[in-house]
Amino acid sequence: MRFLLALLAAMVASLALGLGSAWYMVTAPRTNTVEVGTWRAFPPSDAATADPYLRARVARSGEFGMGTGTGLTFVAANDTNGRGLTATCDYVIAGKGLQARLWTLTAATRDGRSGVTPEGRAHVDSHNLVRDASGRFAVVAAAKARAGNWLPLPAGEDFVLTLRLYDTPLALGTGMQPELPTITRGTCR
278 MRFLLALLAA
288 MVASLALGLG
298 SAWYMVTAPR
308 TNTVEVGTWR
318 AFPPSDAATA
328 DPYLRARVAR
338 SGEFGMGTGT
348 GLTFVAANDT
358 NGRGLTATCD
368 YVIAGKGLQA
378 RLWTLTAATR
388 DGRSGVTPEG
398 RAHVDSHNLV
408 RDASGRFAVV
418 AAAKARAGNW
428 LPLPAGEDFV
438 LTLRLYDTPL
448 ALGTGMQPEL
458 PTITRGTCR
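Position one of the sequence shown corresponds to residue 278 (our numbering), numbered consecutively onward.
The set of hints was computed from the structure by calculation and includes no laboratory data. Every residue, glycine too, gets a C-beta built ideally from N, C-alpha and C. Hints may contain errors.
Claimed, not checked - Label pairs and their calculated CB-CB ranges:
#1 Ala-354 to Ala-399: 17 to 23 Å
#2 Val-313 to Arg-423: 25 to 31 Å
#3 Lys-421 to Ala-286: 53 to 59 Å
#4 Ser-391 to Ala-283: 49 to 55 Å
#5 Leu-284 to Glu-434: 44 to 50 Å
#6 Ser-298 to Gly-463: 41 to 47 Å
#7 Leu-294 to Arg-462: 18 to 24 Å
#8 Ala-371 to Gly-397: 54 to 60 Å
#9 Val-393 to Val-289: 45 to 51 Å
Generate coordinates for the entire structure from the input sequences, incorporating the hints supplied.
Below, the structure written as structure tokens:
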């Protein structure tokens, strides 16, 4: 009887450790990420190089980097001062032209639902952006429509900003840091 109890305890401990370590690997902060200010970049990945944990993370969250040679993905969950992004506040995302043929900026809840305009637009992109004479831009991220460059926010929840640079000469891990937009909190309701 003692042997069976010890065997059962060993099996329960093995199961708990195995499931716990798998859960940790799927939910833990990703390794090999590069931070540029408040923005975090995921290393390039593709189906041939993705390990089982990365595949599980993508299936669970939808969060992944672009494939090698396609571009870079940067995600921000905080403003430039380190405060979490929440749709009860307005934000100004400002910067100068980014080194990419095309870039897009989206806002989505942590489970992936994005804000959408009544016309169905859920992002802003570099081809349809109003800029000043020096080439700088300012995008207002807010739950309600604004004049100029407006990025709709998902209603009333915490969110993340995703900046995707397509066909860019930038590469992660080279030591050259791109100049990414700042995220400044405006008024809160």
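Status of each hint after checking the structure:
1. A C-beta distance of roughly 18 Å is found between Ala-354 and Ala-399, which places it inside the suggested range of 17 to 23 Å.
2. Val-313 and Arg-423 have their C-beta atoms about 26 Å apart, which keeps the hinted 25 to 31 Å range intact.
3. Between Lys-421 and Ala-286 the beta carbon distance is about 58 Å. The supplied range of 53 to 59 Å therefore holds.
4. Distance hint check for Ser-391 and Ala-283: the Cβ-Cβ separation is about 52 Å, which falls inside the suggested range of 49 to 55 Å.
5. A hinted range of 44 to 50 Å holds for the C-beta pair Leu-284 and Glu-434, which are about 47 Å apart.
6. At about 42 Å, the CB distance of Ser-298 to Gly-463 agrees with the hint of 41 to 47 Å.
7. Judged by the Cβ atoms, the range 18 to 24 Å given for Leu-294 and Arg-462 is violated: they are separated by roughly 42 Å.
8. Restraint check, Ala-371 to Gly-397: a C-beta distance of roughly 26 Å breaks the suggested window 54 to 60 Å.
9. Range check, Val-393 to Val-289: about 47 Å between beta-carbon atoms, so the 45 to 51 Å window is met.
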